[in-house]
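As a plain string of letters, each chain reads:
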Amino acid sequence: MRSDAGNPTGVRGGAPPDRPAVHRLSADGLRALLGGDGDAGVIGELSRAERSRRMLLLRAFLDRAEALGPATSGHPTASVTEAWDLLVRTQRVSPEVVEAVLMAPGAGTWVSSALRRLRDRDESLAPLWAVTGHLASLAATAATRAGVDFSLSVPAHRGFVPLPGVGCAVLPAGGDWAGARISLDGGDLRIAGEGNEVRVGTDFARPSPGWLPARRLVLTRSGSAPELLLDEHGPYRTFAGPSVPRILSDSEALAWESALADAWSILGQDEPTTAGAMGPGLASLAPAAPRERFRPYSSSAGEAFGGVNASLPDSGAQLAATLVHEFQHIKLGALTHLEPLLHPLKPASEEELFYAPWRDDPRPLEGLLQGIYAFFGVARFWRAHMRRAEGGQTALARFEFALWREKVWSALRAVQHQERLTLVGGRLLEILAAKCAQWLDEEVSDCELRIARQAIADHRARWREHHLRPSSKAVSEAVRAWRRGDDSPPAAMSEAADLVPDRHAAYLDTAAVLARHRLTAPEGDWTAPARGAVRGAWEADILLARGERASAARTLLHDARAGNLRTGTWSSLGLALAGDPAMASASRLLIHHPERARSVYEAWREEDGERPDPVSLAGWLGGADSRDDDGWVLRG
Amino acid sequence: MERAEPPAGAGIVDLSGVPLERLRTLDYPDVSESLERLLGDLDDPHSVRAGGSNPSHAE
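Residue numbers (this note's numbering), protein chains in the order written: chain L, 1 to 636; chain G, 637 to 695.
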């Protein structure tokens, strides 16, 4: 990190005396990040910039809270000034502890959301004093960890009084929000509510009545042992909030410990540079409720550097991929704070939305770039892991690599010439594309490659069926042409479709999830539709995943002719008919443009109350235009 | 897509080593400019979340 600044304010460096330095990434650091990489040294550069950013946000918070005065004080918690004074006092004794508390991911979410609240940009349900009062919780946490005696009132939410990273006291809930008094006297910690007191004592890591210590996991790896907070208590751990703790059972905690140990071991072998960077770069993981198999949930936030929210994984490898994914987001978020990737939209401009091969919904360019960067890391991980994976995991790893390299590649191609890209943003996409292009040349066994490509085609087709619409003029012309018995549909049907986001679109990844089941348990529960092992999967989807196309086609056509055409049926029918030369035109149309068949079919049915034969209609629509035209425009 | 104003570039003033007790009284142009940019960022919906979650799986 270059920091060429003067020191009129106590700021380090040697810049001109009339201004402090600004953070700049080193050339090596920027190069590594643009390539999707970054070691511990790069994370150090980003961390220092994030630290300054956090201090600036705190300054803005203090200014705003002071300006508002009584609105933020005089309630059941200490005033902002009292809390800040305790932090200042604690920093004189133990600057490292204060640094750790203020740089925790939850503190980042809190200060940003509190500032928005103070500026009337946030509609949180929590009272303002409880939001601003979290500064007192942070001050109490720091003083407790540093052994600085104090007594301070903090917010209690439904009886929970968290000291983020230390533990959480549980008092009888006296309503949604109340105040609680925390005191440390000679190392003895006590938390008091209305008529109740939790005596923690001097050993904060020991459970006691009303006291839940924070869980910290040491991720052992040869040569290093980074520590990760398993954050059950922090009110801002989920990047929203404030929310009440989600307390893990002992068995859940053990499961997390085991999964993290496995993941860390895998990362140490398959992603050693990333693992080395995660040591200083990953601070906490907030466990979320378990999800469906092969559908893990995870998230991170640019305002919470070093924090991850994740559901309990199916396997260590899956968690390793999740950590890589979220760490990519974390790196790119911090990079973007220093080097914007996009020019901002002009205020009156309409935001363009794009197809993201990993999402159900159309995404803005900002989100798509984040996804590209994250899944680039995921593809890189599976590429390395598939060479070491054993047993049934080998086929799964090959499938994941084949899937993600092609999804990332298609997204890169879609946005690489966007005018909003800055020089840095354009360079990032160039470098990622060059690496991804090399991966595309690497051999993956035919079976996993074919399954991955079917899942890719299925997602893309389902997305089009949900979110794209030909113009109403093209549709009505097509209906008239079909009714007249024209040989081919009107040319207007080949024009770019409109994007009409369907907020009900969900589980567009069903084919990929079914593929994972097939590769790891060919005859497992997932094969029985009635068991509902895969949400969003219908009988035909399962038949397709089993490779039984003819049966899938019969099922779909039976449903269609009975009038049971749900969104997604058209694209599934296209895949089911693939391989039948007599159905080539219909299949191609339904895989590449299912939205055309759906729109004309629905318009015809609305006008006449009759249902045209789906395959005949698709074949007719496909006869005119077999181009894989991906063009569409946003309908305002 | 019409191109808007060029981005401001790196704009985080380096506060390494600044103790908390001095934070409230820092009064330099770069600090003010950094603050203004950050507050603008806070209002940008894309800055709020940069997650890896898929909405249909968030439950």
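Simulated from the structure, these hints should not be mistaken for laboratory data. C-beta atoms are modelled at their ideal positions from N, C-alpha and C, and glycine is treated no differently. Honestly, I wouldn't trust all of these hints.
[Claimed, not checked] A partial selection of chain G residues facing chain L, derived with a Cβ cut-off under 8 Å:
(1) Gly647
(2) Val649
(3) Asp650
(4) Ser652
(5) Val654
(6) Pro655
(7) Glu657
(8) Arg660
(9) Ser670
(10) Leu671
(11) Leu674
(12) Leu675
(13) Leu678
(14) Asp679
[Unchecked claim] In the EDC-like style, the derived pairs of lysine to aspartate or glutamate whose C-alpha atoms are separated by at most 20 Å in a straight line are:
(15) L:Lys473 <-> L:Asp608
(16) L:Lys473 <-> L:Asp486
(17) L:Lys473 <-> L:Asp487
(18) L:Lys435 <-> L:Glu406
(19) L:Lys346 <-> L:Asp486
(20) L:Lys346 <-> L:Asp361
(21) L:Lys346 <-> G:Glu657
(22) L:Lys473 <-> G:Asp680
(23) L:Lys346 <-> G:Asp663
(24) L:Lys473 <-> L:Glu606
(25) L:Lys435 <-> G:Asp679
(26) L:Lys473 <-> L:Glu366
Results for each hint:
no.	hint	verdict
1	Gly647	holds, 6 Å
2	Val649	holds, 5 Å
3	Asp650	holds, 4 Å
4	Ser652	holds, 5 Å
5	Val654	holds, 5 Å
6	Pro655	holds, 6 Å
7	Glu657	holds, 5 Å
8	Arg660	holds, 6 Å
9	Ser670	holds, 5 Å
10	Leu671	holds, 5 Å
11	Leu674	holds, 6 Å
12	Leu675	holds, 6 Å
13	Leu678	holds, 6 Å
14	Asp679	holds, 6 Å
15	L:Lys473 <-> L:Asp608	holds, 18 Å
16	L:Lys473 <-> L:Asp486	holds, 17 Å
17	L:Lys473 <-> L:Asp487	holds, 19 Å
18	L:Lys435 <-> L:Glu406	holds, 12 Å
19	L:Lys346 <-> L:Asp486	violated, 46 Å
20	L:Lys346 <-> L:Asp361	violated, 24 Å
21	L:Lys346 <-> G:Glu657	violated, 39 Å
22	L:Lys473 <-> G:Asp680	violated, 37 Å
23	L:Lys346 <-> G:Asp663	violated, 31 Å
24	L:Lys473 <-> L:Glu606	holds, 15 Å
25	L:Lys435 <-> G:Asp679	violated, 35 Å
26	L:Lys473 <-> L:Glu366	violated, 33 Å
In this structure, the earlier hints numbered 19, 20, 21, 22, 23, 25 and 26 are contradicted, and the remaining ones agree with it.
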